[in-house]
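Number of protein chains: 2
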Amino acid sequence: MKRAVGEDVLVEADVFTDGHDAVVAELLWRFQGAHSWEAMPMKFAGNDHWSAAFPVERLGRYEYTVRAWTDPFVTWQRDLAKRRDAGQDLSVDFLIGAGLADVPELRDASLAADVRYRAAMEAVPPLPDASRVLTYEKTLSVTVDPLRARFSTWYELFPRSVRGDGRHASFRDVVKILPEIEAMGFDVLYLPPVHPIGVTERKGKNNALRAEPGDVGSPWAIGAKEGGHKALHPQLGSFDDFHELVSEARKRNISIALDIAFQCSPDHPYVREHPEWFRARPDGTIQYAENPPKKYQDIYPFDFETPRWQELWRELKSVFEFWIGHGVKIFRVDNPHTKSFAFWEWCIAELKAKHPETIFLSEAFTRPRVMHKLAKLGFSQSYTYFTWRTSRYELTEYFTELTKDASREYFRPNVWPNTPDILHEYLQHGGRPAFIVRVVLAATLAANYGLYGPAYELMEHTPREPGSEEYLDSEKYEIKRWDRARSDSLAPLIGRLNAIRRENAALQSDGSLRFHPTDNDQLLVYSKESGENLILVAVNLDPRYVQAGWLDFPWGDGKTYEVEDLLGGGRYTWAGRRNFVQLNPQTLPAHVFRVVRG
Amino acid sequence: MKRAVGEDVLVEADVFTDGHDAVVAELLWRFQGAHSWEAMPMKFAGNDHWSAAFPVERLGRYEYTVRAWTDPFVTWQRDLAKRRDAGQDLSVDFLIGAGLADVPELRDASLAADVRYRAAMEAVPPLPDASRVLTYEKTLSVTVDPLRARFSTWYELFPRSVRGDGRHASFRDVVKILPEIEAMGFDVLYLPPVHPIGVTERKGKNNALRAEPGDVGSPWAIGAKEGGHKALHPQLGSFDDFHELVSEARKRNISIALDIAFQCSPDHPYVREHPEWFRARPDGTIQYAENPPKKYQDIYPFDFETPRWQELWRELKSVFEFWIGHGVKIFRVDNPHTKSFAFWEWCIAELKAKHPETIFLSEAFTRPRVMHKLAKLGFSQSYTYFTWRTSRYELTEYFTELTKDASREYFRPNVWPNTPDILHEYLQHGGRPAFIVRVVLAATLAANYGLYGPAYELMEHTPREPGSEEYLDSEKYEIKRWDRARSDSLAPLIGRLNAIRRENAALQSDGSLRFHPTDNDQLLVYSKESGENLILVAVNLDPRYVQAGWLDFPWGDGKTYEVEDLLGGGRYTWAGRRNFVQLNPQTLPAHVFRVVRG
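Protein chains in written order, with the working numbering: chain A, 15 to 612; chain B, 15 to 612.
For the record, the hints were derived by calculation from the structure and aren't laboratory data.
If you're wondering where the values come from, they're calculated on a predicted model, not measured in any experiment.
It cannot be assumed that every hint is accurate.
Chain copies aren't distinguished; within one or between two, either way the pair holds.
[As the list claims (entries may be wrong)] Derived SDA-like pairs (lysine to any residue); straight-line CA-CA distance at most 25 angstroms: (1) Lys-573 with Arg-121; (2) Lys-57 with Gln-600; (3) Lys-494 with Phe-58; (4) Lys-152 with Gly-241; (5) Lys-152 with Glu-359; (6) Lys-152 with Ala-356; (7) Lys-309 with Arg-328; (8) Lys-96 with Thr-380; (9) Lys-418 with Asp-62; (10) Lys-308 with Ala-36; (11) Lys-265 with Pro-307; (12) Lys-309 with Gly-242; (13) Lys-96 with Asn-349; (14) Lys-308 with Arg-92.
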C-alpha cells in the first residue's frame, strides 16, 4: 500500500460475532518503530462492516491493524433502552448492569428508575478485559511517499542533443534550457543514462549492427574505460556541472531523475574487475543479452544468481546511494522485470528506510501480474499500457481498472504518450491533432504523466519503417538537431495544460476518475474532483473529423450552471444532465472544463 | 472448501518469476494424514495463470498446495528451438545444455547438429534442485462429504401429526407413511425435535402465552422429567421404534435427519443437574432467552462462556454422538448463529474426523457474513434467503451469487419454499399456481432443497394474522389433522419433479446454472448441464395471468433441435437462439425441458 504525505488511509473491516452481543471495533496505527499504538473507534457501516481512517503525516512507513471485542456493558445498555421503551420493569436489569460496571446508581434501589436509567446510559463502558479483545492477525503497512510520487509531470530529454547545432551538448547546456522546461510546467526532468558509453559492439545510427566513426552510441550501453554506473560521460561534463544542473533545477522546483539501467557494455570496468558477476559461456566468453533468437552483443546482463550475489547486490544498491549522494531523489529503473524480484524488494526497502523521500519508477512494459508484482515489491510509480490504449472502449476499461481495482492501493500509474522506444501508430498518422489528444488524455486522466521531448512537442512522427514503433533516426543512437523554437511547437499548449494541472487539485490524484456516457463513440468524457474542484474533460479521439454529440453528466440537478474551458477559453451555460459538445481536431480537439459551482 | 465424493478439485494459480526463465508448476495433494504427496503438472493457461485438477474419492479431508520452479533446462530447450528456427549455429548452445543435463549427445561434437538437436529436445529435464523449488506457503484443505451433501431432497414433517385423526402419532405411524414419502421422491426425512417437551411456561395454540389443558407444546421446548436431548418423547415411542423408523427409511434410501436445538425448557434435567451451564440473574433465577424487549420464558439458552464450558461443550458434542450411535447421519442445527462459533468449529471438526459421512445443515436466517462464517466453520449445507426471493430480478441476482461467487466453494445452499416458521406472502396469496412455481424453482435452481409438509403439498396458506409469516393454527403448537389423500394434493407433481431430479444429472449440482434473457419480466428462464445432460427451465412467476414471451437461449447454432417437457409432457422443435414460450398458471406454470442433442 502506498500513500502520499497528508493523505488518509481508510481502513474497512468485517467485524461480527456469534449471538447478539454488541461489538466494538478499533483501528490501531502507528509510525513504524513507535512503541505504542494510536487507537480510534471504527464506525459501524451496516451489514457487519466497519470503517475508520487515519492520517499519514510523515514520510516513511506506518503500520495498522484492527481490534475488536464484544462488550457486555454496551450490550446491556443497548438492551436496557429497548426494555425501557417497552415499559418493562428494570429493577433486575439495573442489578445485572451493576455487575458489569461500577456505577453506584445501579446498585442503589432507593433511587428513582429514571435516575438509575440515566446513570446507566451515561456510564462509560469499562475497558474490555484483555481476554475478550481479538486483534487481527496481520499488522498491515503503508509506505508514505513524497507528494511528487502521486502528482508529477515528467519531461524526458537526451542531454547530448540540447544544443541544436549537432554538437554534443553538456549539463551546462541543459541548465540553459531549464527556463523552457519550467515554462512548459514540468517538475521532473528525466535523463537517460549519463555514463560513459561502450565502444565494443557499439550500435550505429538506426540501431545499425556496426557503428560508423563518429557515431555516439546508445546511452544504455553503459560503461567504458572512463568508468561505469558511478561515472559521468566526459562530454556531458564534470560532477560540478552535474551538481549545478541539480541545484539550478531545484530552484525551479524541478527534480532531476536518473535512469538506472543495470547492464554493462563489454567495456564496463565491472566486466574486467568482476567477471564472476556475469554468466560465462562454455567458450570462455561472457554471456551477452538475448531474447532468442535476437542477440544483443553490445550488452552484458548481470547474473543476479551468481555465487557472489551478495557482493553484486550491495554494489548495485550502492549505485543508487551514490546518486542520492549527488542530490538525485527520483530514479527511473530500466526493465526491472528482467532483474531479480528479490533484489528489488531488498534494495528499495533498504533505500527507502534511509531515504524515504526517494521515488522509483518501474519501466516494465510486460505482463500485468509482473507489473503489479514490481509495484508491490516497492516501486513508487509504474509505466502503463496507456501508450497503446487509443479507443474510447480501451481507455475507459483500462483507466477504470487502474483507478477502481484493488491494485490502485499499490500501483501508481505514470502514463506516457511517447517514449524514445515507442512512437505509436496513432501519432504516426494522426498529425498535430493526435499529439494534442494524447497529451490532453495523459495530463488529465493521470496525476502522473510524462513525455519524451522535444520529439513530442515538435510532433516527430516518422517511424524507422512502416509497422515499426521505433523512431526514424532515433535519438537513442545519434545527436539530434531539434529546433525547439519552431512556431508550430506544442510547447505553449503543454505549458497551459500543466498549469491547469497545478491549479486544479482534481487533476492531482486518480481515485475520483469517472467516465460519462456520450452518444458518439469518438467522444471520450470524464471527470475528476477534489473537494470543491470539479474538472470535466471532453476529447475528440478522431484526429481527422469534427465530432459532436450529447454527453450525460449527472450534475446540476436540472438547474443551469456554468462550465469554463480552461484549455480553449470560453464559458458555457449548461442545464441538466445532457449537454452538447462539438470538437474540431483542426482547432482544438478537447475541452478541459472547470465546473463552476453555484 | 467442500466437495462430494467423486468430484474434482480445480486448482488455479498465478505462477511467474522475474526474467525470461521457463516456469514449471505442480499441484500437490494427499488425503489428510498420508505421509507423501501426489504430484501432477499444472497446465499453462496464458497470462501467468496455471491450473490442474485432482479427484477426491474418499470421505474425509484432502490437503493440497502448489509448487513451482524455474527450470534452466526447459528454458534452454525453449530457446534452442528458437535459435534453430532462426538458422543459428548451435555448437556453443549444445555445450551449455550439456552443463545442465546429462545428455551424452550434447557433449559429442562429432555428431551431426540434427542428431544433437533431436537428443536435446527429447531429453527429460533433470529433477529441480530443491533450493529452486518454491512451495506455496499455505497448505489448503477440502472436506469431502457424501453425495447427499451436494444433492438431497428434504421432507420436513411433525411425526406427532401423521395419524390424521388428531391423536398423537408415533414413529410406527411414520413408518406407515414412508411409502408416500418415497413416492414423492424425498431422500431425507427431517424431524423436528423428538424429545420430551417441557410443561413449565409451555406455549399454547398459536403461541399463546399460557397453554390450555391438553395442549402438546412446542417440540423446541426441549426437556422434561422424562429426559432431555438424549431421550425420546414418550408418545413418539421407544428407541426400538426409532430404530425401526431409521432402518425402514434406509431400505427406501431415505435418511432420517434430526433437529439439534441446543436450548432447554425449564424442566430439562440439565437445568437441575448443571445450573452452572446457564446464566444466573441477580434475583437467583436462570436467564431465559430474550430478544429485547421480547422474552421467551419457556426457553433457557446455554451459556457457552460458562467457566465450565469444556464440560458443557463435551456434553453437547455427545448429543450428536448419541444420535449417530442410533443411526442418524444428518443433522439440521437450529439457530447455530446464536451459539458459539468456536464451539461449532471444534464440534463439527471432531465429529467429521470420526464420522466423515455426517451432514450438518445450518438453520441460520441471519446476516450474510454470519451465514458464510458458519459454512466456513464446517456446516455442510446452509439455509438461504430463497424463501424471500420471488421476483425475476431477485432470483437471478441471488442464485448468480450463490453459484458464481467464491462462496460457492464452501457455502452449499439448501433452499426451502416454506418452513414451519415461514409462510411467505407469495404463497398466502398466489393459490395453487404459487405453490407449483415455488417448488419447481426450488427443485430446479438448487441441487439441495426441502419443504415442510404436508402443509406444502396441501397448500396450507392462511397466516396467523395479516402481515404475519406464521401459519394460523401452527403445527408447532398443536397436532394437525392433515388429509394427505386430498385429491388436489401436489404430491404427484412433487413426485414427478423429484423423479426428474433423480434422472437428470444436470439438476444434481449447482455450478452450471445460467440465466437466459427473456422479453417478459414475469418469465424466468435458466439452464443447468452436466456432461451430455442439458436442462432448460422456464417459469411463469405470475401466479395470476398467462405470460408469454421470447427467450434467448444460445443453443443449436441456428439449426433445429428438440426440447422435451419432462414436467408437462410434449416435445417441441426449436430453431436458433430465440424461441417462444407461453405459460398458463391455471394449468402448469413451468416447463422443465430436456434439450435433445443432435
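| Taking 25 angstroms as the upper bound on the Cα-Cα distance, should Lys-96 and Thr-380 be classified as within, between, both, or neither? | Close across copies (20 angstroms), not inside one copy (60 angstroms); limit 25 angstroms.
field: Intra/inter-copy verdict for Lys-96 and Asn-349 if alpha-carbon distance must be at most 25 angstroms
entry: For Lys-96 and Asn-349, the Cα distance is within 25 angstroms only across copies (22 angstroms; inside one copy 64 angstroms).
Alpha-carbon proximity between Lys-152 and Gly-241, which holds within one copy, between copies, both or neither at 25 angstroms:
Neither. Shortest intra-copy (47 angstroms) and inter-copy (47 angstroms) distances fail the 25 angstroms Cα cut-off.
Q: First find the shortest C-alpha distance between Lys-265 and Pro-307 inside one copy, then the shortest across copies, and answer within, between, both or neither for a cut-off of 25 angstroms.
A: neither (48 angstroms within a copy, 70 angstroms between copies)
Tell me, please, which holds for Lys-57 and Gln-600 at an alpha-carbon limit of 25 angstroms: within, between, both or neither? Neither. Shortest intra-copy (53 angstroms) and inter-copy (52 angstroms) distances fail the 25 angstroms Cα cut-off.
Query raised in the report: Given a CA cutoff of 25 angstroms, do Lys-308 and Ala-36 count as a within-copy pair, a between-copy pair, both, or neither?
Result: Answer is between; shortest inter-copy Cα gap is 17 angstroms, intra-copy 66 angstroms.
- prompt: Are the CA atoms of Lys-573 and Arg-121 at most 25 angstroms apart within a copy, between copies, both, or neither?
  reply: Neither: 61 angstroms inside a copy, 83 angstroms across copies.
Notebook entry, point to check: Is it within a copy, between copies, both, or neither that the alpha carbon of Lys-418 lies no farther than 25 angstroms from that of Asp-62?
Noted result: Answer is both: 23 angstroms inside a copy and 22 angstroms across each meet the 25 angstroms cutoff.
Exercise for review: With 25 angstroms as the alpha-carbon cut-off, assign the pair Lys-309 and Gly-242 to within, between, both or neither.
Suggested key: Within. Shortest intra-copy distance 22 angstroms satisfies the 25 angstroms Cα cut-off; inter-copy 83 angstroms does not.
- Query: Is it within, between, both or neither when you check Lys-152 against Ala-356 at 25 angstroms Cα-Cα?
  - Reply: both (22 angstroms within a copy, 20 angstroms between copies)
TODO: Could you figure out if Lys-152 and Glu-359 sit no more than 25 angstroms apart (CA to CA) within one copy, between two copies, both or neither?
DONE: both (20 angstroms within a copy, 22 angstroms between copies)
For Lys-308 and Arg-92, with the copy left unspecified, which applies at a CA distance of at most 25 angstroms: within, between, both, or neither?
Answer is between: at 14 angstroms across copies they meet the 25 angstroms cutoff, but 73 angstroms inside does not.
Taken one by one, the earlier hints fail for this structure at numbers 1, 2, 3, 4, 7 and 11, listed in ascending order.
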